[in-house]
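Chains B and L, in that order, give the protein sequences.
Reading the first sequence from the start, the letters are residues 1 to 318 in the numbering used here.
Reading the second sequence from the start, the letters are residues 1 to 128 in the numbering used here.
Don't take each hint at face value.
To be verified - Quick list of in silico lysine-lysine cross-link-like pairs, BS3-like style, CA-CA up to 25 Å: (1) B:160 / L:3; (2) B:160 / L:71; (3) B:270 / L:3; (4) B:274 / B:261; (5) B:160 / L:117; (6) L:17 / L:88; (7) L:104 / L:5; (8) B:160 / L:107; (9) B:274 / L:88; (10) B:188 / L:104; (11) L:70 / L:3; (12) B:248 / L:88; (13) B:86 / B:302; (14) L:71 / B:188.
No wet-lab data here; the hints were simulated from the structure.
Note that the coordinates shown come from a computational prediction; the quantities given were computed from them, not determined experimentally.
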Amino acid sequence: MQTTRICCGRKSNCLHKLLIVERYVAPVVTLLVALAALQVGGRNGLFIAVSCAVILVLLGFRLWWDLTGSQKEIQVLNAQLIQSQKLSALGELSAGVAHEINNPLAVITQEVELMEMLLPRARFEQQEDRNDFVECLTEIDRQVERCCRITRGMLDFARKREAVIQETDMNQLIDDMVRLVELEIRNKDIFIERRYAEPAPCVNTDPPLLRQVILNLLNNASQAMGGDGRIIITTCRTEDGGAELRFKDTGPGIAKEHLDKIFNPFFTTKEPGKGTGLGLSICMRIVNELGGTLAVESERGKGAEFIVCLPSLTQSED
Amino acid sequence: MSKIKVLIVDDEQDFVKLFVKRFVMRNLDVEGVTSGQQALEYLRENAVDVVVLDVKMPGMDGLETLQEIKKRHPVVEVIMLTGHGSVKSGIQGISLGAYDYVLKPFKIEDLLERILKAYERSRLNRGR
């Protein structure tokens, strides 16, 4: 089996040593110096003791600051972990359900085909009855096709994707997908604005998986806006060598009560039969598998912005 | 290094001929066929690294062919070519496992680069 991991450089190791000095060595040393200064006494001694006390307070403050910071980080990471565990559990479940439903669907399809074959030989009292019958068969066909679309989506959602890491130019990868979407929306009044970072952020990641995410996000954005609007795409490099990709649209935005549901599988605000509600959850799963995060910011009436953060990965096998 | 083996699948005979000629000049080992069925037959007998596949073909279309190729030969990478460009078929193609999606007309250098990337990936996959 193969996994991907985030590459940690020597830098963080060095930082860690500094932190140990700050947390464990510095307070003790300062305290000792303060006590020694008090022992010596005099104006100079008092002055040194007071400055040491100030330093101690500052160190304490920094410790408190770090702690609250890490607590927040833990909360965020916990939420991400729960999200990704939930998605993978749902993935297994939906794969099971999809396989189970596909079998009866295949039987129904075959039976319908057989009925269509036998139909010319059948005798009806009135021509009208025959027409009704044909209509029924067509409807069954259509509904089975709809079910197949759902199970295909479920299987796609559940599919275990093994990332193959390649060096990838983010701007180019996004622009390929943008040109595809632009061809589709050429009759509409939608403008796509590119705010690409120069030089282009290069990230080690899985290109086809990322293409799927970006095409889905762009497609959602253009569909959300209907006839006219603007999509703004921003790329930038992150400090850890990864990239941040933003996709902002001027569509109707997402209602507050829907915000924490939109990444759930089968959640959709489209009409029944129009969408399977799996697009964004598939995106979330892929981004998680690439070690990154997918977030959304939106207010009703003010459009939506999807933010993809990706680390630069190294391939490892174990 | 051995040559990269590429199979081009497009229903337009002239396009395939020209494609083979241009990429052989770039030192690739290229073979051309004109239908999805032929592509699958060719793949059964020959080792191929990268397939360049037209989306719109009569009979077995690009997406069906892609699905079959991925089922039978998972390490073969497929680059889809499309003239009309539809987001729906793009999403389908990529979720079915296509490596890349290229709009016609394309620049030869550009496609060559993508073929090299796809080849790199199929080699990484084979190395497992």
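Now for the hints, and whether the structure bears them out:
1. B:160 / L:3: 32 Å, violated
2. B:160 / L:71: 15 Å, holds
3. B:270 / L:3: Outside the cut-off at roughly 49 Å; violated.
4. B:274 / B:261: Distance of about 18 Å is within 25 Å: holds.
5. B:160 / L:117: 22 Å, holds
6. L:17 / L:88: Roughly 29 Å between the alpha carbons, so the hint for residue 17 (chain L) and residue 88 (chain L) is violated.
7. L:104 / L:5: Answer holds: residue 104 (chain L) to residue 5 (chain L) is near 22 Å, not above 25 Å.
8. B:160 / L:107: Cα-Cα ~34 Å, so violated.
9. B:274 / L:88: 13 Å, holds
10. B:188 / L:104: 22 Å, holds
11. L:70 / L:3: 22 Å, holds
12. B:248 / L:88: Between residue 248 (chain B) and residue 88 (chain L) the Cα gap is close to 21 Å, so the pair holds against 25 Å.
13. B:86 / B:302: Not satisfied, since the Cα-Cα distance of roughly 30 Å exceeds 25 Å.
14. L:71 / B:188: 38 Å, violated
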